[in-house]
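Asker: Sequence:
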Amino acid sequence: MTKSDITVLLVDDHALVRRGFRRILEDEPGIHVVGEAANG
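No gaps in the numbering here: position 11 of the sequence shown is 190 in this note's numbering, and each next residue is one more.
Honestly, the hints are just simulated from the structure, not real lab data.
Source: prediction; values computed, not measured.
Beta carbons: idealized from backbone N, C-alpha and C, even for Gly.
Any given hint could turn out to be false.
As the list claims (entries may be wrong) - Pair ranges (Cβ atoms, derived): (1) 217 / 181: 28 to 34 angstroms; (2) 192 / 213: 17 to 23 angstroms; (3) 201 / 181: 27 to 33 angstroms; (4) 215 / 180: 14 to 20 angstroms; (5) 184 / 216: 16 to 22 angstroms; (6) 188 / 208: 14 to 20 angstroms; (7) 203 / 180: 14 to 20 angstroms; (8) 183 / 218: 29 to 35 angstroms.
Using the sequences and the accompanying hints, generate a full structural model.
Answerer: The structure is reproduced here in structure tokens:
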């Protein structure tokens, strides 16, 4: 990870939505999903 990379914490109450966003974001260079939560 470099200084310009983006770290993401996914928060949504629907697991399917979190899973979809994770798959999309993990395919992008410079974006790192660091965790998930069902509610904030």
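Asker: Next, verify each hint and record whether it holds.
Answerer: We went through each hint and held it up to the structure:
no., hint, in the structure
1, 217 / 181: 28 to 34 angstroms, "30 angstroms, holds"
2, 192 / 213: 17 to 23 angstroms, "19 angstroms, holds"
3, 201 / 181: 27 to 33 angstroms, "21 angstroms, violated"
4, 215 / 180: 14 to 20 angstroms, "18 angstroms, holds"
5, 184 / 216: 16 to 22 angstroms, "21 angstroms, holds"
6, 188 / 208: 14 to 20 angstroms, "19 angstroms, holds"
7, 203 / 180: 14 to 20 angstroms, "19 angstroms, holds"
8, 183 / 218: 29 to 35 angstroms, "30 angstroms, holds"
Checked against the numbered hints listed earlier, the structure breaks hint 3 alone; every other hint is satisfied.
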